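Chain by chain, the residues run as shown.
Protein chains: 2
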Amino acid sequence: MAHKLALIGFGTVGQGLAEILLEKADPLREEEGFEAKIVAISDMMKGSLYHPDGLDIRKVLEVTRETGSLEGYPDTPGLIRGWDSFETIEKSNADTIVEITFTDIKTGQPAIDHCRAAFENGKNVVTSNKGPVALAYPELSELARKNGVKWGIEGSVMSGTPALRIPRVSLAGNEIKEIRGILNGTTNYILTKMEEGLTYDEALKKAQELGYAEADPTSDVEGYDALYKVVILANVIMKASLTRDQVERKGITGLTPDDIEQARQEGKRWKLLAEIKKGQDGVRASVSPVKIPLDDPLAGVTDATNAVTYVCDLAGPVTLVGAGAGRTETGFSLLIDLINIERGHL
Amino acid sequence: MAHKLALIGFGTVGQGLAEILLEKADPLREEEGFEAKIVAISDMMKGSLYHPDGLDIRKVLEVTRETGSLEGYPDTPGLIRGWDSFETIEKSNADTIVEITFTDIKTGQPAIDHCRAAFENGKNVVTSNKGPVALAYPELSELARKNGVKWGIEGSVMSGTPALRIPRVSLAGNEIKEIRGILNGTTNYILTKMEEGLTYDEALKKAQELGYAEADPTSDVEGYDALYKVVILANVIMKASLTRDQVERKGITGLTPDDIEQARQEGKRWKLLAEIKKGQDGVRASVSPVKIPLDDPLAGVTDATNAVTYVCDLAGPVTLVGAGAGRTETGFSLLIDLINIERGHL
Chain D
6 MAHKLALIGF GTVGQGLAEI LLEKADPLRE EEGFEAKIVA ISDMMKGSLY HPDGLDIRKV
66 LEVTRETGSL EGYPDTPGLI RGWDSFETIE KSNADTIVEI TFTDIKTGQP AIDHCRAAFE
126 NGKNVVTSNK GPVALAYPEL SELARKNGVK WGIEGSVMSG TPALRIPRVS LAGNEIKEIR
186 GILNGTTNYI LTKMEEGLTY DEALKKAQEL GYAEADPTSD VEGYDALYKV VILANVIMKA
246 SLTRDQVERK GITGLTPDDI EQARQEGKRW KLLAEIKKGQ DGVRASVSPV KIPLDDPLAG
306 VTDATNAVTY VCDLAGPVTL VGAGAGRTET GFSLLIDLIN IERGHL
Chain L
6 MAHKLALIGF GTVGQGLAEI LLEKADPLRE EEGFEAKIVA ISDMMKGSLY HPDGLDIRKV
66 LEVTRETGSL EGYPDTPGLI RGWDSFETIE KSNADTIVEI TFTDIKTGQP AIDHCRAAFE
126 NGKNVVTSNK GPVALAYPEL SELARKNGVK WGIEGSVMSG TPALRIPRVS LAGNEIKEIR
186 GILNGTTNYI LTKMEEGLTY DEALKKAQEL GYAEADPTSD VEGYDALYKV VILANVIMKA
246 SLTRDQVERK GITGLTPDDI EQARQEGKRW KLLAEIKKGQ DGVRASVSPV KIPLDDPLAG
306 VTDATNAVTY VCDLAGPVTL VGAGAGRTET GFSLLIDLIN IERGHL
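Going line by line, the protein sequences match chains D and L. Its first residue numbered 6, the first sequence is counted upward by one per residue in the numbering used here. Its first residue numbered 6, the second sequence is counted upward by one per residue in the numbering used here.
The following block holds chain D by itself, in its conformation from the complex (with noise of 0.2 Å):
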């Protein structure tokens, strides 16, 4: 039976998850057993459908592509427009709701309550926010486990790569001691564009043409979006309770060409890197620069590649690089968190 999905929000993320349910739905339904319906979608600036049956996920992609809004989906008997995204998540026939609207990173809303309104009326959630997991990952894991539901939140860090379902599936069984990782890739590209010449800000305004980095940079380039992976990482995988104002901070921008030429001439490079390290008084962590030396396999991740390396007890130290964003990539990550909840592996 196909998975009944509602979207709350429809940018660029959910966007990309209905063209792959419409792309791949036949190699989906055929190699993984996994079909998907979207029942109902709701935008705060686009709009908002329902359909018990289904929306037409060609016509939906269509309408929004060319008039920016939902309003222009042609009416059939039985769908109903208008609800805001609480009605949706509580009236609609939904088994899960794809929570994937612009979120406050500060307060983490409206993505906190969405989940929380999901699992009280029994519902799944996937997301890609951030927020809910860095701010209330303890609370809302046990209101789902209460309320029998699952939550699904491997793109809230490396979008697609899978950065949180590898330590939690297939390094099961390690104690992972140490995390360190390349989290945030505009940062990243900023310092792999400083190593072939360019001044930081030269760098800075490559990254925000290339659309990188935004108009303003601060939550990129001082190391606060990491900041909250970071804090994920640490909660999720390393069990820890870590909050926000815990994790030592500091960004790139005091970083200048010299420092850059230093770190070559020691056969090192810098990264704004990310480090947690369990220890006898409990779990540390940190976002700062820091020069790594050449054979370290985070220093080879250039350009606006994101990586991670667990330091696993028996495995040894296992690094996974890869995407961080995009539209496709954060679209996959959603997809994932849906096969397996389908396949009860979640």
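Hints should not be assumed to be uniformly reliable.
Copies of one chain are not kept apart here, so a pair can be met inside one copy or by any two copies together.
The calculated lysine to aspartate or glutamate pairs, modelled on EDC-like cross-linking and capped at a C-alpha distance of 16 Å, are [said to hold, decoys possible]: (1) K198 / D300; (2) K273 / D300; (3) K42 / E24; (4) K244 / E35; (5) K64 / E125; (6) K244 / E219; (7) K29 / E76; (8) K244 / E37; (9) K42 / D31; (10) K64 / D80; (11) K9 / E95; (12) K42 / D250; (13) K244 / E36; (14) K29 / D318; (15) K296 / D221; (16) K29 / E180; (17) K151 / D301; (18) K283 / E147.
Source of the hints: derived by calculation from the structure; they are not laboratory data. None of the values given here were measured: they were computed from a predicted structure.
Let chain D serve as the given structure and place chain L on it in line with the hints.
Frame of chain D, contents of chain L only:
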């Protein structure tokens, strides 16, 4: 209930697994809900023990370390000695056979016959042996399926680094169009040393001193070891039906210090690269020395470390870097299959 294991073969890998089961019994039970006992061990050289209630792992390891044999294990009521591998597979009460014999890679024996016997007797198999997976994957996986049992093969490529579980589980839903990897640690160590200024012969000698290379290094340096892993990846991950004679193969013995230096000047590095590509005319695969650019994540993989890149249609290129061998690492590769059998996820 404890998962009952029979170990066929008790060399380094088997002892590595036994040590893990002994030393990590508490966290495995508490955190993963996994409990195992070893009911039988049958080794061509060291002898054979069977007790339906389980052997004392600590004593087994002690006598093996002290005497190199299982003969000194104390008699207890119900203990049976002397069963050969097939008697152990057929008559023991094990749920799962751990197939870790010394296997002739040319014929895949005795591992293939051990797997067959286990499946026909309704027992799961976990193995780190390349032989049965490279030479008989279609037949054996079908036989396991027909008998309603599981076949864990994680350790057959990159030991405990989850090279097989990641594409099958965490990247499910992707079409994997290309796989590229450094699948042999010995040759990667030799190439790393040649970059540090050693000749091929000097680097090989060093690899032999460290136990990375055997007295006859042909299997590693001529690319045969990597070739078998290529066959496994192509058949398991890409669902091809490639045989070993269909893989192009060239070793590293022809590389000179001049070649190394020339690559360096081009901003590249020689790697013994395994490549598998899905094309219009099926799956093509090769193992050969290739100069790869420094911004490829595989270029930074040094010493005996292994790595593999999966080029995915949705998640993009995802690279995994980690150990390719080792007592505890390979022991873990068996454990992770056992944990997943127990979870019903294999």
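Original post:
Is it within, between, both or neither when you check K42 against D31 at 16 Å Cα-Cα?
Top reply: within (13 Å within a copy, 44 Å between copies)
**OP:** Could you figure out if K29 and E180 sit no more than 16 Å apart (CA to CA) within one copy, between two copies, both or neither?
**Re:** Classified as between; 10 Å across copies, 37 Å inside a copy.
Subject >> Intra/inter-copy verdict for K296 and D221 if alpha-carbon distance must be at most 16 Å >> reply: neither (26 Å within a copy, 40 Å between copies)
Original post:
Using 16 Å as the alpha-carbon threshold, which applies to K42 and E24: within, between, both, or neither?
Top reply: within (12 Å within a copy, 48 Å between copies)
**OP:** Could you figure out if K283 and E147 sit no more than 16 Å apart (CA to CA) within one copy, between two copies, both or neither?
**Re:** Answer is neither; intra-copy 23 Å and inter-copy 44 Å both fail.
Original post:
Is it within, between, both or neither when you check K244 against E35 at 16 Å Cα-Cα?
Top reply: between (37 Å within a copy, 14 Å between copies)
Original post:
For K151 vs D301, is the C-alpha pair at or below 16 Å within one copy, between two copies, both, or neither?
Top reply: The answer is neither: 42 Å in one copy and 45 Å across copies each exceed 16 Å.
Subject >> Alpha-carbon proximity between K64 and D80, which holds within one copy, between copies, both or neither at 16 Å >> reply: within (11 Å within a copy, 75 Å between copies)
Original post:
When no copy is specified for K42 and D250, does a C-alpha distance of 16 Å or less occur within a copy, between copies, both, or neither?
Top reply: neither (40 Å within a copy, 45 Å between copies)
Original post:
For K9 vs E95, is the C-alpha pair at or below 16 Å within one copy, between two copies, both, or neither?
Top reply: within (14 Å within a copy, 47 Å between copies)
Original post:
Is the C-alpha distance from K244 to E219 at most 16 Å within one copy, between copies, in both cases, or in neither?
Top reply: Classified as neither: same-chain Cα gap 32 Å, cross-chain 42 Å, threshold 16 Å.
Subject >> Homo-oligomer pair classification [E125, K64; C-alpha up to 16 Å] >> reply: neither (32 Å within a copy, 52 Å between copies)
When each numbered hint is compared with the structure, violations occur for hints 5, 6, 7, 12, 15, 17 and 18.
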